[in-house]
Structures are given as C-alpha cells and as structure tokens.
Amino acid sequence: MHAGIRAAIGWLADVMMPPLCLACHTPLASKNAICADCWRNIDFIRPPLCDRLGIPLPYDAGSGAISAEAAASPPVYARARAVARYDGVMRDLIHDMKFHDRHDARALFGRWMCEAGAGLIADADILVPIPLHRMKLLRRRFNQSSFLAIEIAAITGLPVAHLALVRSRATQSQIGLTREQRRLNVRGAFEVPTRHRALIAGRRALIVDDVITTGATVTAASRALLDAGATAVDVLALGLVTDATATLLA
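Each residue of the sequence shown is one higher than the one before, counting from 81 in my numbering.
Simulated from the structure, these hints should not be mistaken for laboratory data.
It cannot be assumed that every hint is accurate.
Unchecked claim - The following label-pair restraints were derived from C-beta to C-beta distances: (1) L108 - A234: 40 to 46 Å; (2) V156 - S253: 20 to 26 Å; (3) Y139 - A281: 27 to 33 Å; (4) D184 - R120: 17 to 23 Å; (5) Y139 - Q261: 32 to 38 Å; (6) N112 - S248: 32 to 38 Å; (7) T274 - L238: 22 to 28 Å; (8) A187 - T258: 14 to 20 Å.
We put the CB at the ideal spot given by N, CA and C, even for glycine.
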C-alpha cells in the first residue's frame, strides 16, 4: 500500500514538474540526469591519469605513472581526482549550484564523484569538505563542498567531518589571482580545532571540493589535516582546471 502511494505521488510530481535536463532544461524521461547533447559537451576526465595530480596523460604508461609536473613539484596531498574539466557545461552546472542556489544536480554530482574517485573512496576513512569562512557562509547560506560530501556519504557510507576543518581567517576571492597570489592568499588559512583533532588523527582523509584550480586551497587544507595527524590526504572534486594533457615523466 505504501509503495503504491509513493508511486502515485511520484507520478503526480512528474506530471506537474516533468523531468528536465539539469543543464539546458530539455524534457527527459527520468530525473537527475542531463540530455545527450549536454553529456557530449562535458569533458569527463578518464584514464590514463597522473596518479598524483589526476590530470590526463597522453598515453597509458602503467599503474602509478605520474606527470612531469607532479615530479617537479610533488603535491602535499597523496592523490587528486576530478569528474571533468572545468569548462563548458560542467562549469555552468557548478556555477548554478554555487552562485544561483540550484541544488537539483546534487544527486547526479554525488554519483559522478563516486565514480571518478572510486579508488580514493576505497582507501578513505573520513570525508572532509573544504569549509567557507563563517562570514561568507552567512552570506551564501550554504557550503557547496559540504553538500557534495553529503551526497558522497549517502552512497558510500563514509562519515563526514563537517567541523573538523575550519577557515581560521577570511581570505579574498581566488578569482582573478595568479598561482602565487592564490598560494599566499590561503597559506595558513585552515586549521583543525583541538576538540576535533581526534576525528582526524590516525585516519586517511578525503577532501571534497567543487573545483581544483591551481591546487592552492586543497594544498593549504591538506597541510592542516596532516598537521593534525592525518595519515594521508586525498582530494576529490567535481571540476579540474587543466588546459592540456600533461607531459609524462620521462
């Protein structure tokens, strides 16, 4: 009986609000999806990848291959993975969530992130979303990274440490800053409060964020988690800013 009621409610909801593509709003047969045209315009990041930075490699050099960039400047975190390049439809979807209060794609984002970060999730003990400073959180009213972590947790069962990492000082927007300016802007901006260190110490943390641009934010966050006793830190994001395929380490 309850199943019948739920089915009837679902049918009525579809009649009143038919499923639409989350990107272009073309009518679809099912919810929480995008149309074929929008799918083709998302540049999903697939193997072969640099094992450290998660950027595409020109050819498959075997398990654990790293890019010349990762070898020249190894990241503080162990591994990073992202769903797609941060451009086109993916950028529009992230902007809609982040700046226009569009949260209807969250379930789809969660599924995509679980697929892209399957190896990282398998090794993780706890999810740690990148926090906003409290003043920015008051203005925006939500933290998109926390929402993404919640979706991943719903699929994987991993715990989310929403308060384990905090921004200890306000930082200016990273938009428009150079790589070095971004690094300086967030250096020392994160910390693990003493009362939450037990959540992090001895565990492998998986940072969740919406976009990796230069890596400055996730690097600063990783340092704080490692200083608090995390055994290792990985990073999982929706979008990755990368202009071209990386060069393999010779």
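Hint-by-hint comparison with the structure:
Checked against the hint of 40 to 46 Å, the C-beta distance between L108 and A234 comes to roughly 22 Å, which is inconsistent with it. Remark: the range hint 20 to 26 Å for V156 to S253 is upheld by a beta-carbon distance near 23 Å. The beta-carbon spacing between Y139 and A281, approximately 40 Å, falls outside the hinted interval of 27 to 33 Å. Between D184 and R120 the beta carbons are some 21 Å apart, a value that agrees with the proposed interval 17 to 23 Å.
Distance hint check for Y139 and Q261: the Cβ-Cβ separation is about 34 Å, which falls inside the suggested range of 32 to 38 Å. Remark: the range hint 32 to 38 Å for N112 to S248 is upheld by a beta-carbon distance near 36 Å. A C-beta distance of roughly 24 Å is found between T274 and L238, which places it inside the suggested range of 22 to 28 Å. A C-beta distance of roughly 36 Å is found between A187 and T258, which places it outside the suggested range of 14 to 20 Å.
Violated hints, in rising order: 1, 3, 8; the structure is consistent with all others.
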